[in-house]
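> Each chain, letter by letter, is given below.
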Amino acid sequence: MARVTFSRRVLKRDILREAKVLKIAPGSAAAIADIVVEKVAKWADGRGEITEKDLDRVVAEKIRPYNADLAYVFKERDKII
Amino acid sequence: MSSLLAVAIVLLSAAVHATLQLGLGALLLLYHASLGKHVRAKTKNLVGSFISGMGMFILLGLAAATFMIGALADDGLPLPCLVGLVVILIMLAIVIWFFYYRRGRSTELWLPKVVARYINNRAKVTESNTEAFSLGLLASFGELPFTLVLTVIAANSILDVPREVQPLLAVVYTMLAILPLVIMRISIRRGNTVVDIQRWRVKNKVFLRIISGVLFLTLGLFLLAFQVMGVV
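Residue numbers (our numbering), protein chains in the order written: chain C, 32 to 112; chain D, 29 to 260.
Just so you know, the hints here were simulated from the structure itself, not pulled from any lab data. Treat the hints with caution; some may be incorrect.
[Stated by the list, open to error] Listed next, the in silico PhoX-like pairs over lysine-lysine satisfying Cα-Cα at most 20 angstroms (straight line): (1) D:Lys72 to C:Lys43; (2) C:Lys110 to D:Lys141; (3) C:Lys43 to C:Lys54; (4) D:Lys141 to D:Lys152; (5) C:Lys70 to C:Lys110; (6) C:Lys51 to C:Lys73; (7) D:Lys231 to C:Lys106; (8) D:Lys72 to C:Lys51; (9) D:Lys70 to D:Lys141; (10) D:Lys72 to C:Lys106; (11) D:Lys152 to D:Lys65; (12) C:Lys51 to C:Lys106; (13) D:Lys231 to C:Lys51; (14) C:Lys73 to D:Lys72; (15) D:Lys70 to C:Lys54; (16) C:Lys110 to D:Lys70; (17) D:Lys72 to C:Lys84; (18) C:Lys70 to C:Lys106; (19) C:Lys70 to C:Lys54; (20) D:Lys70 to C:Lys106; (21) C:Lys54 to C:Lys84; (22) D:Lys70 to C:Lys84; (23) C:Lys106 to C:Lys43; (24) C:Lys84 to C:Lys73; (25) D:Lys141 to C:Lys51; (26) D:Lys233 to C:Lys51; (27) C:Lys43 to D:Lys231; (28) C:Lys54 to D:Lys233; (29) C:Lys54 to C:Lys106; (30) C:Lys73 to C:Lys110; (31) C:Lys54 to D:Lys141; (32) C:Lys73 to C:Lys43; (33) D:Lys231 to C:Lys70; (34) D:Lys233 to C:Lys106; (35) D:Lys152 to D:Lys72; (36) C:Lys110 to D:Lys72.
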């Protein structure tokens with residue numbers, strides 16, 4: 032299982048990139064990214080080790096109320112082939 | 029074997045080839061990675077190169093197989109080889125039905141994780157047309173366990189049509205085999221997103237698996253009826 036170090040900057044960049052793929056307006060994408068990064072940071076805080084899979088799952092969970100398609104992208108990461 | 033029967037076998041083989049999912053999955057990954065990084069024109073070029081790479085691999089493979097069978101056997105493949113091909117097709121139908129996709133609500137394939145991760149990573153870092161072309165070659169190469177037998181069958185049938193029609197038939201096979209990729213490209217250009225396509229693939233996974241297996245089996249029975257029994 033690939034372990035990752037949580038980084039606000041990397042997560043925000045990832046969310047904005049995926050939002051661009053889905054043609055979400057940049058303003059909305061930035062707003063969603065800021066909220067979700069904060070929520071995920073709170074979750075990650077104090078956890079010693081985080082796997083890539085866990086991080087994608089939690090990001091998908093936190094994004095879902097704002098955009099279901101964007102959440103789906105994180106949920107399906109590395110599951111296409 | 030009549031030319032009409034030969035054409036039918038080539039078309040059926042190409043249809044079976046078109047049902048395989050590795051190329052589609054790799055193209056979807058490339059689309060996804062590229063749309064997040066590049067302008068649409070660049071993505072369009074990368075996708076075009078990827079499809080060209082897959083098409084080139086299929087066409088050259090088919091040409092090579094046709095040449096080799098033509099050089100080694102004057103009257104096409106002998107009966108024991110045809111029987112062997114039928115058995116392999118039936119086995120592949122079973123593999124498609126039961127093992128091709130991994131379990132769960134995803135479109136993950138039978139590929140070893142290392143290979144899937146490699147293709148995934150390659151799709152993410154593909155920046156140039158050459159890299160996209162070689163990713164297409166790689167995706168075609170990854171499908172070889174399933175496509176090799178189809179290529180041999182099509183090549184054997186291509187030898188049964190008049191020489192001047194043979195290149196055309198090889199091109200038609202290639203076009204049919206890459207048709208799903210072209211449809212996906214058109215679908216995204218018409219406004220569908222990568223998510224729409226992936227949702228469709230997940231929703232219809234069982235249907236795709238059944239169709240693919242049935243086509244493998246049909247091709248096997250077709251060969252058995254018209255080539256093996258026909259010769260016997």
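> Now look at each hint and say whether the structure bears it out.
Status of each hint after checking the structure:
1. Between Lys72 (chain D) and Lys43 (chain C) the alpha-carbon distance is near 26 angstroms, which puts this suggested pair outside the 20 angstroms criterion.
2. Taking the CA atoms of Lys110 (chain C) and Lys141 (chain D), the gap is near 10 angstroms; set against the 20 angstroms cutoff, the hint holds.
3. Using a Cα cut-off of 20 angstroms, the hinted pair Lys43 (chain C) and Lys54 (chain C) holds, with the two alpha carbons roughly 16 angstroms apart.
4. With a C-alpha separation of about 16 angstroms, the suggested pairing of Lys141 (chain D) with Lys152 (chain D) holds against the 20 angstroms cut-off.
5. Under the criterion of a C-alpha separation no larger than 20 angstroms, the hint pairing Lys70 (chain C) with Lys110 (chain C) is inconsistent with the structure, at around 24 angstroms.
6. Note on Lys51 (chain C) and Lys73 (chain C): the hinted pairing is violated, with a Cα-Cα distance of about 25 angstroms set against a maximum of 20 angstroms.
7. Proposed proximity of Lys231 (chain D) and Lys106 (chain C) is supported: the alpha carbons are some 15 angstroms apart, at most 20 angstroms.
8. For the hint pairing Lys72 (chain D) with Lys51 (chain C), the CA-to-CA distance comes to about 16 angstroms; that is within 20 angstroms, so the pair holds.
9. Restraint check for Lys70 (chain D) and Lys141 (chain D): the C-alpha separation of about 29 angstroms exceeds 20 angstroms, so the hint is violated.
10. Distance check on the hinted pair: Lys72 (chain D) and Lys106 (chain C) sit about 26 angstroms apart at the alpha-carbon level, beyond 20 angstroms; violated.
11. Only pairs whose Cα atoms come within 20 angstroms are accepted, and Lys152 (chain D) paired with Lys65 (chain D) is accepted, the gap being roughly 9 angstroms.
12. A C-alpha spacing of about 17 angstroms is found between Lys51 (chain C) and Lys106 (chain C), which places the hinted pair at or below 20 angstroms, so the restraint holds.
13. At roughly 24 angstroms between alpha-carbon atoms, Lys231 (chain D) and Lys51 (chain C) are farther apart than 20 angstroms, so this suggested pair is violated.
14. For the hint pairing Lys73 (chain C) with Lys72 (chain D), the CA-to-CA distance comes to about 39 angstroms; that exceeds 20 angstroms, so the pair is violated.
15. For the given pair, Lys70 (chain D) sits about 16 angstroms from Lys54 (chain C) by alpha-carbon distance, which is consistent with the 20 angstroms threshold.
16. Distance restraint check for Lys110 (chain C) and Lys70 (chain D): the Cα-Cα separation of roughly 25 angstroms exceeds the 20 angstroms cut-off, and the hinted pair is therefore not satisfied.
17. With a C-alpha separation of about 30 angstroms, the suggested pair Lys72 (chain D) and Lys84 (chain C) falls outside the 20 angstroms cut-off, and the hint is violated.
18. Pair hint Lys70 (chain C) plus Lys106 (chain C) holds up; C-alpha atoms about 17 angstroms apart against a cutoff of 20 angstroms.
19. Simply put, Lys70 (chain C) and Lys54 (chain C) have alpha-carbon atoms about 23 angstroms apart, too far for the 20 angstroms limit, and the pair is violated.
20. Between Lys70 (chain D) and Lys106 (chain C) the CA atoms are separated by roughly 27 angstroms; this puts the pair beyond 20 angstroms, and the hint is violated.
21. Restraint check: the Cα-Cα separation between Lys54 (chain C) and Lys84 (chain C) comes to about 25 angstroms, which exceeds 20 angstroms; the hinted pair is violated.
22. Our distance criterion of 20 angstroms between C-alpha atoms is broken by Lys70 (chain D) and Lys84 (chain C), whose separation comes to about 30 angstroms.
23. Restraint check for Lys106 (chain C) and Lys43 (chain C): the C-alpha separation of about 16 angstroms stays at or below 20 angstroms, so the hint holds.
24. Straight-line distance between C-alpha atoms of Lys84 (chain C) and Lys73 (chain C) comes to about 17 angstroms, which keeps the hinted pair within the 20 angstroms bound.
25. Using a Cα cut-off of 20 angstroms, the hinted pair Lys141 (chain D) and Lys51 (chain C) is violated, with the two alpha carbons roughly 28 angstroms apart.
26. A distance of roughly 27 angstroms separates the Cα atoms of Lys233 (chain D) and Lys51 (chain C); the hinted pair therefore is violated under the 20 angstroms criterion.
27. Annotation: proposed proximity of Lys43 (chain C) to Lys231 (chain D) is violated, straight-line Cα distance about 30 angstroms (limit 20 angstroms).
28. Distance restraint check for Lys54 (chain C) and Lys233 (chain D): the Cα-Cα separation of roughly 26 angstroms exceeds the 20 angstroms cut-off, and the hinted pair is therefore not satisfied.
29. Proximity of Lys54 (chain C) to Lys106 (chain C) is assessed by CA-CA distance (about 18 angstroms); at most 20 angstroms being required, the pair is judged to hold.
30. Our distance criterion of 20 angstroms between C-alpha atoms is broken by Lys73 (chain C) and Lys110 (chain C), whose separation comes to about 26 angstroms.
31. A threshold of 20 angstroms between alpha carbons decides the hint, and for Lys54 (chain C) with Lys141 (chain D) the separation of about 30 angstroms lies outside it, so the pair is violated.
32. For the proposed pair Lys73 (chain C) and Lys43 (chain C), the alpha carbon gap of about 14 angstroms is at most 20 angstroms, so the pair holds.
33. As the CA atoms of Lys231 (chain D) and Lys70 (chain C) are separated by approximately 31 angstroms, the hinted pair breaks the 20 angstroms bound.
34. Restraint check for Lys233 (chain D) and Lys106 (chain C): the C-alpha separation of about 17 angstroms stays at or below 20 angstroms, so the hint holds.
35. Proposed proximity of Lys152 (chain D) and Lys72 (chain D) is supported: the alpha carbons are some 15 angstroms apart, at most 20 angstroms.
36. Between Lys110 (chain C) and Lys72 (chain D) the alpha-carbon distance is near 24 angstroms, which puts this suggested pair outside the 20 angstroms criterion.
The structure is inconsistent with the numbered hints 1, 5, 6, 9, 10, 13, 14, 16, 17, 19, 20, 21, 22, 25, 26, 27, 28, 30, 31, 33, 36, although it conforms to all the rest.
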